[in-house]
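Go by the hints and put chain B onto chain A.
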Amino acid sequence: MYPDLNLRDWPFRTAPDREFGAIWAGRHETENQLGRILRRMSLAPRSSLYVMWANFGMGKTHALYHLAHLCDTDTPNLLPVYAVLPRQAKGFIDVYRAVAAALPMDRLAESLKELGSQWPRQLSLHPLFADFPDIANALVACLGSDDTRLSIARQWLTAQVGIPRSALNQIGVSRLIRNAEDAVSALTVLTRLLTVGDRRRKLLLMIDEFQRVGQLRARIMTETNVSLHTYFNANSTGLGLILSMSFGRQADVKFMLSEELRSRADPEMLTFDVFSPDQALEFVSDLLSQFRLSESDNPFFPFTKGACMVIIDHIGTRAVLTPRRLMHYFSLVLENWQVDGGPDGELRIQHASKYLEDPNLSMLDIDGDATVGVGDE
Amino acid sequence: MDSLWFRRDRWNRDEWYLFEWHPWGIVRICGTEFTASDYPECLDRDDFDCEECTFVFEEPGRSGCYLRAFPELRDRALAVLQGALASRWERAMISDALTQELRAHGRPLHYTVLARMLSERHPELDVTEGEVIGVLRSSREFRSISPGVYWIA
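Chains as they are written, first to last, in my numbering: chain A, 1 to 377; chain B, 1 to 153.
Just chain A, same shape as in the assembly:
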């Protein structure tokens, strides 16, 4: 808590933080769009695919965390799962590993129990597991109290390699999940299990950093696209898929997706482009208001509006205005002001100017992440 600043927590974060998923500042049209998309998903049983494009530092990962938060609070029939496309995927199996590791095991177990209570025979014979009966056995192993079986089952479900045959026998599975076809079948069965029993229940699978497919070999890129559209086709209901990608030009989205995936994508695309100075100012006041300990007459407190404008102008004359840059610079100014014993009054124009004086301040500030080659936001 920062009572001197009238803030319950430090508001400026430069890396996405799940705990801050509830926060949304500025860009109210986008906020409405996110809410509307979730409501559309929760109303219609059909599966849907959305593409999210964001320019650098525009907060796409935060937007996904915010979507997950909205699912938890406003649309409980949507079950959000956040996964990141691996940096150097060797095939769709690596994408599956990332998704499977993020699936909620407790919900899968609950669904399995529910299904088992209505099915008098062996669970692996249930039609839901027709595509991959071994999944039922692995999940049954997860429900038991035997830690060894639980550990083997989790490794198997997340397609780990090198599980010995004797271990597979212990949990009653016949083979490993080893290729793209296995991965699609497994993912399909798991998705159906998570949504069984309620036609409005949906798995909202958010795959972040999807732009990484643009750095994969052509064969792997094609396999990833084909597998995703096969998975989407196999789940005509109960699935919401968001593919989130970040690069400098929106028009490049088409080069990341196959025609089949593009044709399945919703016409409404989620986009996050750079701020105008007014939008940046609104972002700052919105952000601060969500951390207030008590009401304040000055929406920018501890900053004055003039100080905010100086900081925004400083960024705007050197680079484009992005939430990340705003967070960086506002945090820098506020931290320095505090170090100098500032919280006695307001952070004014002269303070902001003083802390922004250093000509080397923006030396490392570049758009994108090309300096590290394949890094990400």
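By construction, these hints were calculated from the structure, which means they are not laboratory data.
All C-beta atoms, glycine included, are put in the ideal place defined by N, C-alpha and C.
Be a bit skeptical, because a hint or two may be false.
Over 12 Å on every C-beta distance to chain B, these chain A residues come out as not near it, computed from the model [unchecked claim]: (1) E114; (2) R200; (3) V226; (4) A234; (5) N298; (6) G306; (7) V310; (8) S353.
Pairwise CB distance ranges, derived in the manner of DEER restraints [as the list claims (entries may be wrong)]: (9) R121(B) with R87(A): 25 to 31 Å; (10) D313(A) with Q100(B): 28 to 34 Å; (11) W89(B) with D74(A): 57 to 63 Å; (12) Q100(B) with N77(A): 45 to 51 Å; (13) N233(A) with M93(B): 40 to 46 Å.
Just chain B, lined up with the frame of chain A:
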């Protein structure tokens, strides 16, 4: 280098000259070398004054320049240079387009994706994946981040 023995006078069997060339644009006549970026101006202009020439193509004991004296030599040299310059120009165009695409995208990309971008956005270049990887590999303007993935150097 490919080479060809060239005879000034078909009746005089003692006068043979060595004409060597490389398709990348290197020409050597009797040991004097010039390239597609640095070549005698007379190849471009007929009215060029030989006094200003920095290349020495004179045959010892004789006056005059090989290029002036033997139109066939001159034509061959010109053909080699024009071929190299056209190919260099194409490579420069591809290189510029690749730089433009990478800069706008803002992230490193696999060459196959870049080839698709160029095919769609710069159809006049009529590039193949092989030409794209060739330019990316050979140009100092690009660097490889991981196998097949390139970014601006």
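How the hints compare with the structure:
1. E114: Correct as stated: the minimum Cβ-Cβ distance to chain B is 44 Å, above 12 Å.
2. R200: holds, 38 Å
3. V226: holds, 15 Å
4. A234: Fine: 27 Å to the nearest Cβ keeps A234(A) off the interface.
5. N298: At roughly 37 Å from the nearest Cβ of chain B, N298(A) sits farther out than 12 Å, so the non-interface label holds.
6. G306: holds, 33 Å
7. V310: holds, 28 Å
8. S353: holds, 31 Å
9. R121(B) with R87(A): 25 to 31 Å: For R87(A) against R121(B), whose Cβ atoms are near 27 Å apart, the range 25 to 31 Å holds.
10. D313(A) with Q100(B): 28 to 34 Å: holds, 30 Å
11. W89(B) with D74(A): 57 to 63 Å: holds, 59 Å
12. Q100(B) with N77(A): 45 to 51 Å: holds, 46 Å
13. N233(A) with M93(B): 40 to 46 Å: holds, 41 Å
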